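Student: Listed here are the chains, written in short residue letters.
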Amino acid sequence: MSEHHITPLKTYLAVAGTLFFLTVVTVWVSYFDFGSFNIVIAMGVATLKASIVALFFMHLLWDDKKNLTMFVMSLMFLGIFITVTLLDTGFRGGVNSEVESPINNRAAFYDSLPLTDTHGHPVDEHSADHHGEGEDHH
Amino acid sequence: MAENQKQNYLTHPKGIMSWLLTLDHKRIGLMYLFGGIAFFFLGGVLALGMRLELAAPGNDFVSNDTYNNMYTLHGAIMIFLFIIPAIPGALGNILLPLMLGAKDVAFPRLNLASFYIYTVGALFVMYTIISGGVDTGWTFYTPYSTTSTSNVIPMTMGIFVIGFSSILTGLNFIATIHKMRIPGLTWYKLPLFVWALYGTSLVQITATPVIAITMVLLILERLLGIGIFDPALGGDPVLYQHFFWFYSHPAVYIMILPAFGIISEIIPVHSRKKVWGYKFIAFSTLSIAFIGFLVWGHHMFTSGQSVFSQIVFSFITYFVGIPTGVKIFSWMLTMYKGQVSFTPPMLYALSFLFLFTIGGLTGIFLGAVALDIHLHDTYFVVAHFHYVMQGGTIIAFLGGLHHWWPKSMGTMYNQTVANICCLGVFLGFNGTFFPQFLLGLRGMPRRYATYDQQYAELHNYSSFWSGILGLSIFISIMNLLWSLRKNNKLDPGTNPWGGMTLEWTHTTSPPHPHNFEEEPVLEHGPYDYDKVIVEPTFKK
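Here the protein sequences line up with chains U and L, keeping their order.
So for the first sequence, my numbering puts the first residue at 660; every next one is plus one.
So for the second sequence, my numbering puts the first residue at 392; every next one is plus one.
There could be a bad hint or two in this list.
[What the hints assert, rightly or not] To spell it out: a stretch of chain L is covered by chain U in this simulated footprint if at least three of its residues, at any positions, have a beta carbon under 8 Å from a beta carbon of chain U; those stretches are:
1. 629 to 639
2. 693 to 702
[Unchecked claim] Residues from chain U that face chain L, not an exhaustive set, calculated with beta carbons under 10 Å:
3. K708
4. V731
5. M732
6. F736
7. F740
8. L745
9. L746
10. D747
11. G749
12. N755
[Unchecked claim] Listed below are several chain U residues computed to face chain L (Cβ distance under 8 Å; list not exhaustive):
13. S733
14. L734
15. G738
16. T744
17. F750
18. R751
19. V754
Everything labelled a hint here was simulated from the structure, so no lab data went into it.
If you're wondering where the values come from, they're calculated on a predicted model, not measured in any experiment.
Backbone N, C-alpha and C fix where the C-beta goes; we use that ideal spot for every residue, glycine too.
Given only the sequences and the hints, what does the whole structure look like? Please build it.
Tutor: Written out as C-alpha cells, the structure is:
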C-alpha cells in the first residue's frame, strides 16, 4: 500500500489480449455439447477471466495482501451460500420423494392463467377459493 | 487553557448547519442516537397497540388487516431502523475513535454519508406507513410478498437503501480500527467494545449485500414477473428464505455482538476488576461472527427444505452456544470477588445476563429440529427472540447509554430514578414475555389478532406487564433527557465510574471537538484494575 505499483503498458495489453482470447474460447466451446459440463466449462472460463481482471487491472497482485484476503473471503462467503443452499435443493427428495420439486400446480400470482384442479382439468374461476388473502401461508 | 476546556463538541461550532453537515463522529453518533430513539418510540407504540388488542380474545380495537400492518411495521422498524443502526451507529460512532485515541473515524465524510443514506431509507419506510402500510411480516416471505396488494416495494426499497448505510459504517469502522490506533495500542490492548464492533463490521460488510440482492430480486419478481421465487415461472419459494436468512441470521449477530461489547465494558468497570479471559471474549466474538454464517437454515425447518440440510443446520446451530457460553462465564468470573457497585449501567448489565441467558437457552430448544417443528410460528419463538433482542440488545443499549451518558453529554441523570426504571424494565419485560413461552408451548400461533378463550389469561397478563415495560423505558429515556436541563453540567474532568479506557482517562466530558487536546499516550491496559488505581470522580 505504501508504494504505488506502476504497471507497464505491455502487461495491460497482454492481459487485454488474454481476455479477448478467452472470450473467443467461450464462444468456441459453445459449439460443442459437453452435457452437464457445459456450465462448468463456461463458468470456469468466466472465473479465470474475472481473476485476471482482479489481479492485474485491479492491482490485487501487487497490493497489500490484506486486500487480496478480503477479496478471497468474499468469494468464500459466496461459496458457503451456494454450497449450503445446494444441500437443500440437491437432497429434497431424500426422504419424501413428493417434495423433490416445488408444487407447481398454481401460484396465486398468476391469476390470468386458467385454473386447474389436481388432475389438470379446468376449474370455474368463481367457485375456486384460491386467492391468497390469508395471513399466513405456513 | 480554561477557555479551551470549556470548548466541547456539543457547543462548538454552533448553528444548525454545523450539525447537519458535521464530519465529527460524535455529532453523527448523536444524530443516529436521536433518530434511533425516535424509531424505538414508534416501534414501541406499535407494540403496545398490539398488546392492547391482544388483552382480550376478540377483535376489540383493530381489524385483522390493521393488525397485520402493525406487526409488520413493528418488526421492520425495530430491526432495520433501530436495533441494527443504534449501537454501531450511535454508541459505536461516538466511542470508537475515542477508545482508539484517534481524532475521528478513518473516513469522516463517508460516515456522514452513511447517516444520510440511513435517513433516506427511513423516509421510504415512513412513506410506506403513510401510504397504507405493508402486511407481509418483517421477513417478506414469498409467495405472499409477491402477491400482497400492500406497499411491499417502498418498504423493501427502504431496507435496500438502509443496507448500504450499514455496509459503509462497517467498512469505515474496519479501516478505523486497523489504521487509527495510537502507537502502543496493540490488538490485545483494545477495549472489548472495539473487538465487538470489529466483529460486527465484518458481518455487516459480508452479509448485508445479500439482503440488498434479495430485496432487488423480490422487487423484480413483483414488477416484471421474472421467475426467481415463483414455481410457476421455474422459481423456488424456499430460495427466498435461503437468501433472506443468509443475511438475517448473521444480522442477529450484527444486533447482539455490539451488545456483548457494551456488557464487556460495563462489567469490569463497575466491578473494579480486570476482565476475566480477555482473549477468550475477543475471539469468541469473531467465532460467533463466523459460525453465524453457517446456521441460517434453522429458521426454515418447516419450509420444506431437505431433511439432510435440516440435520446439518441443526447440528451447526449448537456450536453457537460455545462462544456465547464462554462470554457469559467470563463475565460472571469478572464479577467474582470484584467490588460490584449497583449503579444503573451495572443493573442493566446484570439484567442482561439473566435475560440473554434465558433467550440463548431457549434458542437451543428451537435449534433442535424435532422440537422446532412443534414450536415453529408460535409465541414460543416470539418470546425467544424478544428475550434475545430486547432482553439482550436493547437492555445492553440502555445500559451503555447510562454508562456513557455522562461522557457524551457531560451531565448526570438521577441515578435513583434510573435504578427504579431498570427494575421496572426487568420486571415488565419478564412479565410480558415469560407468559409467551407458555402460550407458545400450548400452541398459540403468532401473528393473529384474535385467539381462543383458553389463552386469554396469559395474554391478559402479558399485556398488563407490557404497559409497565413501556412506561419504565419511557421514564428512563425522559430521565436521561431531563439531565440536559440548564445548570446541570458536570465538571469536565468527571470520571463517574472510574473507567480506564482512553475515553475516560484522556479527554473531557463531553469531549473536546477534536477528541483530545494532544495525542494521548497509552499508560495502561483497558482493564488493569489490578495494577493501577483509577478512582471514580464525580463533581458538579
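Student: Need the list of violated hint numbers for this structure, in ascending order.
Tutor: Structure breaks hints 3, 4, 14, 15.
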